[in-house]
Each structure stands twice: as structure tokens, then as C-alpha cells.
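So the sequence lines, in the order shown, correspond to chains Y and D.
If you read the first sequence in the numbering used here, its first letter stands for residue 1, the second for the next number, and so on.
If you read the second sequence in the numbering used here, its first letter stands for residue 1001, the second for the next number, and so on.
Worth double-checking, as some hints may not be accurate.
[What the hints assert, rightly or not] With a straight-line Cα cutoff of 30 Å, these simulated BS3-like cross-link-like pairs (lysine-lysine) come out:
1. 63(Y) x 1337(D)
2. 22(Y) x 1396(D)
3. 1080(D) x 71(Y)
4. 71(Y) x 1389(D)
5. 1338(D) x 9(Y)
6. 22(Y) x 1389(D)
7. 1068(D) x 71(Y)
8. 1389(D) x 1298(D)
9. 63(Y) x 1080(D)
10. 71(Y) x 1327(D)
11. 71(Y) x 1096(D)
12. 71(Y) x 1077(D)
13. 19(Y) x 1338(D)
14. 9(Y) x 1327(D)
15. 71(Y) x 1094(D)
16. 71(Y) x 1089(D)
17. 1331(D) x 22(Y)
18. 1168(D) x 63(Y)
[Said to hold, decoys possible] Taking beta-carbon pairs under 7 Å as the criterion, some of the chain D residues facing chain Y (in silico):
19. 1321
20. 1324
21. 1325
22. 1327
23. 1329
24. 1330
25. 1333
26. 1346
27. 1347
28. 1349
29. 1350
For the record, the hints were derived by calculation from the structure and aren't laboratory data.
Each residue gets a CB set at the ideal place from its N, CA and C atoms; glycine is no exception.
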Amino acid sequence: MEQLMSILKGLRPDVDFEKEDKLIDNGVLDSFDLVALVGEINEAFDVEVEFEDMEPENFNSVKNMYAMIEKLQNEV
Amino acid sequence: MNVNSFSFVVFVAILVLVYYAPVIRKFQWIVLLVASYLFYALNGAENMAYIMITTVVTYLGARLLDGKNVSQEQFIKEQKGVLPKQEIKEYKEKIKKQKYRITLVCIVINLGLLIFLKYGSFLAGNAGKLFNHKEWSELSIFHLAVPLGISYYTLMCIGYLLDVSKGKCRSEKNLLKTALFVSYFPQITQGPIGRFPDLASQLFGTHKFTYENLAYGCQKMLWGFFKKMVIADRMKPMVDTIFDNYQNYGGFTILLGCMYFSIQLYADFSGYMDIVSGCSSMLGIRLAENFRRPFFAKSLDEYWRRWHMTLSAWFRDYVFYPLSISKAAVKVGRVAKKIFPMRISKLAPSIFAMLVVWFCTGLWHDASWRYMFWGLYNGVIIIASMCLKPQFAWCKEKLLIKEGKIWKLFQMLRTFVIISLLKVFPLAATTGDSLAMIKKIFLSFPTEISVASLLPGMGVEDLFCVIVGLIIFMCISLRQEKEPMHEWLSRRPFVVRWGMYMILLLFIVSFGVFGTEATGGFEYAQY
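Pulled out of the complex, with its shape left as it was, chain D reads as follows (with noise of 0.2 Å):
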């Protein structure tokens, strides 16, 4: 069940219903879960012994990382001043010992699974060409569907598990919340991938219908299907047009391909995200914002700080940030520093920890060395912005350029010019087809430049809903980088907003592409 199909618009209505029955508020979090298991039997019931692997060993590594701080806890209050402190630190460092060896145990456990089923015929075909035995990327065990949001509500139990064992929150007691809590059916999909912290309180406490979070909840799933069905789904044939016949464009046209396709996916992605978090504000559960008008970065370090938030934001809190002060940082810190100077040396623990996060991010998107090259392409990008920053900035002075407008219009533009070049590794069906298409872009000039080689594979209808859906995609997002819309909507009169609404519902109704079979569903649900 896509969240753009019109039998999860029935699902939610019934499930809101229910939710408010009057005599189900204190079960609120169990129609919440039976809706989350129901979402996901839907979507696939061969798969849902993953997700309660996952989820039972996240429990049971929770409770016991739990127990650990709790026993410390009393430790010391009873021991302190007592015992000395040497001995009320031995203890400490065993106790830390163990909870490493837990947390350990649940994230091979966790981490495995996904390895194994998303990352199994890529690693058996590699192994097998290593080794002479071509056959293994053919065993059937390694080609095993790939269960639904697996790659979301891994990190999602990954990080709860490693915020309980810091003691940044207490663990869940009952199984069937924690499920909740890994299942949660808005956020299943494609994200946000939720903290444990903000959800908790959220899924688990009663919740008052009020019209507040009913309106707000219908303006973010309109504007969202407006942005997938008539933006994302219209731009969608002539994207594939191009990407699917790559070998008889140009290069230009693969260039516009590619910027094509940045808009398809940010319209379809943020689409999705606007549907599932105005679903679940409905429900009175506000999920994390995964987007901040990515387009409007001035490079391509902010344009990771304003796209797909929550997984940056995973990988920054629980890989990064440990690795830039881990020992192994300090040590490749002080070989830097034999080498290179100062002002270069003194990045050597971030860049380690960029790479190994980059590496991770393309890695974490998808099995293959396209992906790889995507997540390091980026990591080396950001990398050289950071290193030749006093280069840059002395090419500025020379160059007379000022802060201003125009600067700030060219930063955006170069930042998307160049989000959208890396678009040809997830764009191309192998990683030869990503790198013939690069070399296509800077090496074959156009020779002559007609609507076919502009716009291939555009109809005229699809022309013109793209371009009124992204004249007020832009106008929204331009009121939204100064205040939230529903906040700006809020102080309209009635008629105005009600209007506003009833254009955007028109707009969808007469220009919106139907049909999840004709689109193929959300880009991102790969993952």
C-alpha cells in the first residue's frame, strides 16, 4: 500500500476514527501498533519475521543496558565515600565492559540481518569473483527480498541502543512499545528515522483530538501529494526517457538529466515525507523534519545539513562524532601532522571520520560500488571545500567579488549544478553506465539544441503542470524559508485559506498523476 494510493487515505480515515473513539483512548498505542503491523502485512507479510528479530533483540539489548546503569547508579550512591574511588572507578570500567559487549551482541545481531539480506548477493558476487566461484552470487539464499524499511529501523534501533547504553534515555519495559516504537507505519517506508528520546512520549501517551492537528495534518499531506502527483510523477517519463537511452543523448541533455532528476527526487521524496508526518500530526505524533529547502544551500556541506536530516543527523551523532575523537583519529591526527601542515594536519581526525561517514552514507543507500563512489565523491567534495577554503577566499578578493544576492544566487546554483552531477550514480543501472554518462557530460557537446534534446519525452500537458507546480513549489518554499507555511496560512481569513486549499486540491484532481502502478511508487522506498 503506497502512501499516495487512495486506500491509504481510506486507512488513515479509519484509523483516525478509531483512534479518537472515546473508548479507546487509553489503547490509543495499541491501535497505533495494530495499524503499524497491519501497514506493514500489507506491504509484505513474508518479511515481518524480520522486524520482530530486530525488534525482540533491541528489547532484550535495551533492558539489560538498562540494568547495567541502574545497578551503576546504586553502586556508587552507596559505595561513594565508602569505598575508594580506584576501586568505584574499576568498577565503572566493568561495567562499561559489559555494557560494550551487550550493545556489541544487538548491533552484529541487527546489522547482520540487514548485511545479510540487502548486502548478501552483492558481497557473495564480489567474493565469488575473487574466487573463482561465480556461482555463489546465484544462490537463492542471497536473493531474498529485502524487507521493507529494513534500512531505516536498523539505525532507528541502532541509535536507541546506544542512547540507552550512554544513559541519554531509559530503556522501554514493554515489548509491545518497543514494536511500536520500530514499526510506527508513517515512518516505516522511508524515514524520518526517529530518536527514541522524541518518539517515546509521543507513541505512548493519550492524545485529544483537536482541529488544530487535523488541519495541519491535511495541508502537509495535500501539499505533499501535490508535490509527488503532479511535480515528482509528471517529471518522472522524461527522466527516465533520458536515463534509459543515455547512449543516444549528449551530453547536455544527460547534464538537464540529471537536474531533472534532483527535482523529481527532492518533489518526490519530500512529498512522501509531508504525506506521512501530516498523517501522523493527524494522530497528534509530530515526526522529525527531514528537509529544509535543500536547494536554497550554499554548498554541498549545508545541502547535507537541509536533506534527508534525520539520516545525517544518525550518521554525524553515532558514527562521526565517536570516530573524529576515537583513538584511531588521534593516531592518524599525529601522522598528519609529520606530514602535512599545520592547517591540514589539524583536519586529519574530521576527514578520517568524513570518509569512513561518506563511505557508510553510499554504502547505507545501496549495495554497489556505484553507490560507494556516490557516498565518496561526496566525502572528497566537502573535503576540498574545507582544505582550499583560504584558496578560495583569496580567489575571491582577487576576483572583487562581494557578499551579496547575486553571490549567494551563484552559490545555490553552483551547489545544485553540483548535487546534480552526482546524480548519474544513482541515476544509471551500473556503475560502467554512471561512469560513461560522466564522461558523455564533459566530453560530448551538443552540435545542435532542439526541444527533443531539452525536454525528451515531455508532453505538453506534463510541461505545462511542471511548470506551474514548480512556480508555486518555489513561491512556498521562498514564504517558507521565512516562516513556517501553516503559521503564515493560520493568520489568512477563512476564505482565503479555504480557497488556497481547494486550488491545491483541484490542481491534484485534474493534473495529478494517478495510479502507483503507472509511477512505480517512491524513489526512496528502495533503500
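Next comes chain Y alone, as it looks inside the complex (with noise of 0.2 Å):
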């Protein structure tokens, strides 16, 4: 989880990370920033997000990233 904030804090460091849950509902994130962020779990995490998994629901909240990233690591 830490590694995923630091992504994030990196990547936008005018947003709460911590208490916003509707990143993408409400706009606080773009789908630029979604773009450079999947690159980024991408390498960090040595997961494969496709095409597929940028869905709103996925992104909104970092629990709901760190889910995403998990459930990819866990794939088998």
C-alpha cells in the first residue's frame, strides 16, 4: 500500500489520497493521470492492468487499486 501512495503522491500531489474515494466519479482524476499511473503499477508491481480493468470502480479509492493490483498479483 505505501509503495502504491508514494506512486500517487508522486504522480498528483495536490490530492488526499487518503480520505478521497470517488477519484474518478468526482474528477480528481483524468484519464491522463490514469494513464501514467497504470505504467507506473505497471512496473511497480510487475502486474498487467489491461485495457479492461480502467474502470472507475477499480481507480476511485486507493483500497480499490490496491484490490485490483492483488487480485492481478494473484491471478494464476
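Two chains, two frames, a set of hints: combine them into the complex.
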């Protein structure tokens, strides 16, 4: 979770990721943030976030993002 | 055989009769394959070997990739809970590498054929200049005829291979069915660039004859013939007059010529799409939509989501997205973070991918520097509009501009002027001519305005046809923004519906330009 938080803070230091739980729905993160974020996540966590995974519910909060990463890591 | 020729109409009529014959039903896909290869042979039998090579390579590649997917699935099913997760992960990595190699080999062969046949002369010419061997460009091996539709079917095959590799669809077991997917005649000349998951069940399934399909197909074909023969072919002489002799015209006439060409090209390309899509609908196969009234776009970015949509979608799915989240893009983003403010640096991965996509889009159209400029020019405008978004919003606020119909109309006109200016690249014979035209547009102001400078090479009859044609075109496009035209038509009484068909048919017969040799075929067939 810390690693993810550090990526997010590096990308958007102006956002309080601990409190925000509607990052996509409220337009806090836009499509360019998402593209940059997915690239960083893929590299840092050795996963492959696909276009189909780029759903608002997967990126609305840090918790949801982490759940998606764990799911992709555990996929066998 | 051009799709706006009488022979094509006869070809389609015979095909429909054979296709729906009761004894044929089980073999409809074979009829389509024979018809597609016949159509291809009629347009240049000497080039059939290339499409066959691409088909076989794609078929074998897809079968191998599918085999790898199945093996992986079985292995995981059997070993889940038996082997440690790490070992299963390692196995998946191994399969991934094998799939990567298979995909790469197939893409290199397919793309290699395209590059050799379409770009060979351009590459040899430039390499010759670089190494002082001007004779390289003269070598006959680099001047082979470019096979019909190679730019389109190569992209379709690459998309199919990548889809199978990712497990998004299964491969086709029958080589001849793969051959039909690659060569399906309505989309072979100018697209649309179809996707295997959308087309497979339609191409290989059986279809019953329905009046709805026939009526819908005829409507679309009629509308396509109208756009091509009444609008595009009537405008062509004027556009040719301006650009064949651009040295004799002022900047304003050249700018007008660019706008005329935008309209001509749209009527030509979308007309073609309507004809082939209508023809395919008659056979019960719906092709992907390729145009959504692009001149209603309010930005260049939106324009490209409405124009040649299957090409834009192909580059988005198979180039832009994978590239924008790649390791290279992440590195670009990190470097940008050190140099630019956050607002710009976060755009860096997308900008990087976008520049590559636009460069490739330019190159896909033609092997020339002017098309590369054209592609990059598109990319730079879209990127600039992304980066300068807050500045535009600030200007809008300071100028007290409010959202409304007038503002929307202004945005549409602005987009139309931008895309028209971009036409100096495809219109010119050389890169030097493109740059000379741009110079004239911005530096050569008109001293007097006359009919000859506004509508050079345009006869009275042509002008009448184009004006009436464009009014009808505009009215129908406005209606299409609200709902599909065939749905609106289906609610009209029989007399009104058939009255409209007859008027359209009469208009085509009376004012359409007949004879493909007179117009030189379709503009996009050259790509």
C-alpha cells in the first residue's frame, strides 16, 4: 500500500488520497492521470493492468486500486 | 472493378441470388470466399500471392498462439493447488515469451511485405541519397505494384493475431475461413478495418433472406452512390484545377480548394463506405461504422473519433494504449517530471504514445515525407490543445464567451478550417509543393475576388448539382445526428418512403458522373 501511495503522491501531490474515495467519479483523476498511473503500477507491481481493467470502480480509491493489484498478482 | 461501376452492381446482384439459394445456405461462407477472391482477381490477379502469404502466416500464427493459450489453461487447471504459485508464474512467463516470439515473427512477415511493397521505393530512394547511390531507387524490385487493400488487410491480420495472443478470441481452425476474413470483398479496397470477434460469427454463419436487410442495403448503397457520383465526382474537377495549377492561384483560392477537397474527400470516402456497407448488409453482414458525421466535430481530437473510425480505433487499441503504459512511456513521464510542471508532466506518457501513433498514421497513408508531416502536424495540434486547455479556458472566461449554439458552430467551423489546412499535404504532389501552398495561404492575399478565383474550373451544371447535393447531404446529416436515417424512413408512409428513393435515384441518374475512368476511382483506394 505504501508503494502505491508513493506513486500516487508523486503523480498528484495535490490530492489527499487517504480521504478521497471517488477519484474518478468526481473527476479528481483524469484519463491522462490514469494512463501515467497504470504505467507506474505495471512496472512497480509486475502486473498487467489491461484496458478492460480501467474501470472507475478499480481506481476510485487507493483501497480499490490496491485490491485490483492484489487480484492481478494472485491471478494464477 | 470499382464499387461505383455498373459491373459491381451486376456482381452484387448475382452474388445475392446465389448466396440466398436454398441449396447454398450451408455453404454461404464459401460463396463469399469465392466472390471475394474473384473480386480481388478482377482488380489485379498478379498480386494474389501476397494476400495468400499474409493469410497463411496469420492462420498459422493464430493457431500456434491459440495452442499456447489452451496449454496454459490446461496446465493451470491441472496444477492449481498442486504446484507452488511461483512455479505456475514461471510457466506463465515462459508461455508469454513464446507467444511474444510467435506474434513478433508473424507481424514482421506481414508488416515486412507491406513495407517492402509500399515503402520499398521510398526507403531505397532515401537510403540512396544518404549513401550516394541514387540508382537504388531505380531498381525494379522497389517498383512492384502495391497489392489492393494491403494497408487494410495487414492491420486486420495484426489486430487478429494480437487479439488471439491476449486470449480475447479463439483462432479460426479452418484456413479457408481465415482467408475469407482477410479478403472479404466489401472491405478489402478501403476498409473498414474489421475485427475478427465482430466479423467471425457473421461471416461463417448462415443467413436467411430478409426484406429488411435488402431494403436497408439498397438504401445505403443508393445514398453512397449519391454522395460519390453527385457530390464528390462533381467537385473533383474544381479541386484538380486548383491543385494542378496552384502556382497560378492566390492563397485564398488555395485555402478554398483545401475546404472543397475536405468535402469532396468526405463524400467520396463515406460514399464508398455506404456502398460497401449496404452491399454487405444485403448479405446479412454488418460492417463496422467508419464515419459519424465528422464535420460536426468541435475539436480535431473529436474529428478523429468521427472520421475513419476503424483506423483510429485500431491505432488506439493496438498502438496508443499499449505504448502509453509501457516502460518507455513511464521513463518519459519520469524525465518530464524533472523538467515540466506537474500538469504537463502527467501528460508526457500520453504525448509520447500520441506522437508515435500520429507518425505511424501518417506513414500508413503514404510512404512520403509530406504524410509524415501531416501525421505529426495532427499530433502536435491535438497535444497543444491538451497542454493549453487551461489557457483556452482562461481566454474564454475573459472574453465572456458562453456555451451555446453560436459557440458550438464556431468550434465546428474552426475544426473544419484546421482539417482543411491539413489537406495541403495529401493534395500536393511533393513535400515542396505542400510547403509552397502553406506559404501562399498565409502570405499571398487576394487583390480581387472573382468567380474564377472562388470556383475555378466549375461549370454551371456542376455548381447546381453540388449545391443541391450538399443541401440534401446537410439535411440528412442533421437528421442522422438524432437517429439512424433508416429508422426515420421506416416510420414514413410507403408513398413518402418510395418517393424519396425515386427522387434520389433520379438525381443520381440525371446528375451523377458515370464512368470510373472519368473520375479516377476512389480517393482512399490509393492507401
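Now for the hints, and whether the structure bears them out:
no.	hint	result
1	63(Y) x 1337(D)	holds, 25 Å
2	22(Y) x 1396(D)	holds, 29 Å
3	1080(D) x 71(Y)	holds, 16 Å
4	71(Y) x 1389(D)	violated, 36 Å
5	1338(D) x 9(Y)	holds, 15 Å
6	22(Y) x 1389(D)	holds, 23 Å
7	1068(D) x 71(Y)	holds, 23 Å
8	1389(D) x 1298(D)	holds, 14 Å
9	63(Y) x 1080(D)	holds, 28 Å
10	71(Y) x 1327(D)	holds, 21 Å
11	71(Y) x 1096(D)	holds, 19 Å
12	71(Y) x 1077(D)	holds, 18 Å
13	19(Y) x 1338(D)	holds, 27 Å
14	9(Y) x 1327(D)	holds, 19 Å
15	71(Y) x 1094(D)	holds, 21 Å
16	71(Y) x 1089(D)	holds, 14 Å
17	1331(D) x 22(Y)	holds, 28 Å
18	1168(D) x 63(Y)	holds, 28 Å
19	1321	holds, 5 Å
20	1324	holds, 5 Å
21	1325	holds, 4 Å
22	1327	holds, 6 Å
23	1329	holds, 5 Å
24	1330	holds, 4 Å
25	1333	holds, 5 Å
26	1346	holds, 5 Å
27	1347	holds, 5 Å
28	1349	holds, 5 Å
29	1350	holds, 5 Å
Checked against the numbered hints above, the structure breaks only hint 4 and satisfies the rest.
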